[in-house]
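The primary structure of each chain is shown beneath.
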Amino acid sequence: MSNLEDDISRVMAGHDDQAPNAAALLRSLEQASQPKRRPGWFVPLVVAVVVAAVVAGSAWAGGVLSGHRQEPATVLGGARQIPPLSCPARYADQAPWVPAKPAGADGRSRLVPQTTPSSALVCAYRGNNTDKRQAGWALSGRRSLVGGLARLAGQLSWQPRRLPGHQIACTAVGGPQTNYLIGLGYPGATIWVAATDEPNECVSASNGEFTSYGIIGPDVSRAFASGRWPDRPSASCPGPRQDIGRLGQDTTMVPAGSTSVTICAPKARTLTSGYQALVSALNRLPAHPSTLSCSGTPSPSASYQLVFSYPEGPPVLVTVLSGCHPPIDNLGLQSDSASSILPVIQQLLKPK
Amino acid sequence: MHLDDVLTELVEHSGDRLLRVAYQLTHDPATAQDLVQEALLRVYGSVRRRGLVPEDWYAYLRRAVINEYVRTRRLRSSTEVVTDVVPERPTAGCPEDRTADQAELWAALGALSERQRAVLVLRYYEGLADHEIASLLGCREASVRSLAKRGLAAMRPLVTAVSAGEDRT
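Read top to bottom, the protein sequences are chains A and B.
Its first residue numbered 0, the first sequence is counted upward by one per residue in numbering that gives the first Met the number 0.
Its first residue numbered 0, the second sequence is counted upward by one per residue in numbering that gives the first Met the number 0.
Bound-form chain A, shown alone (with noise of 0.2 Å):
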């Protein structure tokens, strides 16, 4: 089979899901010929729908074939009620991918809206990144989230925008690869979200309209190990596996409405007040957008990470590598200098 008839079968199976099912068409069925049903009368349902529509001739059977178009519509708080999501039964293609666009909700702002889903589907794929394929991999296992869902809208909303040629450095280390769809139920909106778990945290995260350079794998690899989306650490110096990144810092070094910054130098420290000059002293210098790289040789004496943490959604993490150009970066914005920033941050870090 070519590419391009390969392309075409993938692409039919991965709309599999949006078609209507069996139940569906029993219950238009079943509306249709409700009158006709009685008690101890039993006519199994499509031949009470056949006999009438043969009595009655076509201009009847016309009623009943567009039967579930004439049902009222479902609404909802003004909002039409969308079906429940199920997962493809194949990953069709190379992640990030999704089955379907945002549908009833605004996917090109954030990855997800920020209000509390009323339902979270997840969808697993497992395969390895060594693979020979990368797209097809069969449906490995799903599972409802019962809890968090609150604490899932909060991450995933503010995940960072990853920008069209956002160009991000990625390790090669081979393993097992795990691609999932998070399928998010809202009243009259659904929301498909991928997000894939692998050594090189480097697949993005996307809903078909709007793609995070956020590393949110592992952490739905913990909900759908436990059901539940999973508590956000407490801030903390970076490490492996960890979600940081935060919507808004491609436009701002630090990000309005932070609540304590962690200043990671040989001894951490965090500050949950008496910081906003640091906040205010990233934010006036020149910035532009990061390269996530720099050139030269960072002093280990005068170089720090500082983590910016929210009461919701991932932290911000700038790095200050001295010696380094540039020498300011937050994965979205970098800055030409530090000079005005290192004196404010010896100055926190000084004993009280």
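Think of the hints as simulated: they come from the structure by calculation, not from any bench.
There may be inaccurate statements among the hints.
Under 7 Å between C-beta atoms, here's a sample of chain A residues computed to sit facing chain B [claimed, not checked]:
hint	residue
1	I7
2	P19
3	L25
Taking CB as the label site, the calculated pair distances span [unchecked claim]:
hint	chain 1	residue 1	chain 2	residue 2	range
4	A	P163	B	S134	43 to 51 Å
5	A	Q113	B	R70	44 to 52 Å
6	B	S134	A	Q113	49 to 57 Å
7	A	H287	B	D27	43 to 51 Å
8	B	D27	A	A171	41 to 49 Å
9	B	H12	A	A102	24 to 32 Å
10	B	E131	A	R141	31 to 39 Å
Cβ coordinates follow ideal geometry from the N, Cα and C atoms, glycine included.
We have chain A already, so just place chain B on it with the hints.
Leaving out everything else, chain B in the frame of chain A:
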């Protein structure tokens, strides 16, 4: 087992499969459901009148779904403009494009003529051989090959562009 029970069971056990085929043809859930419902009622009425029970209910109903699809599309064709020209090609390798590419492929399938689309669905979704498709559509095998060739030709520029733009980072 009573014939009516057989048909009720068929809806429960083969309905999903028929609806998926119908959705591949129509790209619209409500229209797909209408199509299967219409085909079901036509076939069942015909079977009852003639007293014949098909050996393969699924194949029989699938044929009805395909025929119904071609028939209804033909009825509407005077008001629809069918094009085999893919509207736009993707240009970038951003991960968002992969979804867009899939959506464009799906849209391109939806823009084919009803017979081209039916052939591609039967060939690549149902996995039927060309002679089976010819029998189902009531045409010659050469016509099936021709319809498939023209359908694929309409899709090819899009897929070439997709492959060229894939993000492999």
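Status of the hints after comparison with the structure:
no.	hint	result
1	I7	holds (5 Å)
2	P19	holds (5 Å)
3	L25	holds (6 Å)
4	A/P163 x B/S134: 43 to 51 Å	holds (49 Å)
5	A/Q113 x B/R70: 44 to 52 Å	holds (48 Å)
6	B/S134 x A/Q113: 49 to 57 Å	holds (55 Å)
7	A/H287 x B/D27: 43 to 51 Å	holds (47 Å)
8	B/D27 x A/A171: 41 to 49 Å	holds (43 Å)
9	B/H12 x A/A102: 24 to 32 Å	holds (29 Å)
10	B/E131 x A/R141: 31 to 39 Å	holds (34 Å)
When each numbered hint is compared with the structure, no violation occurs for any of them.
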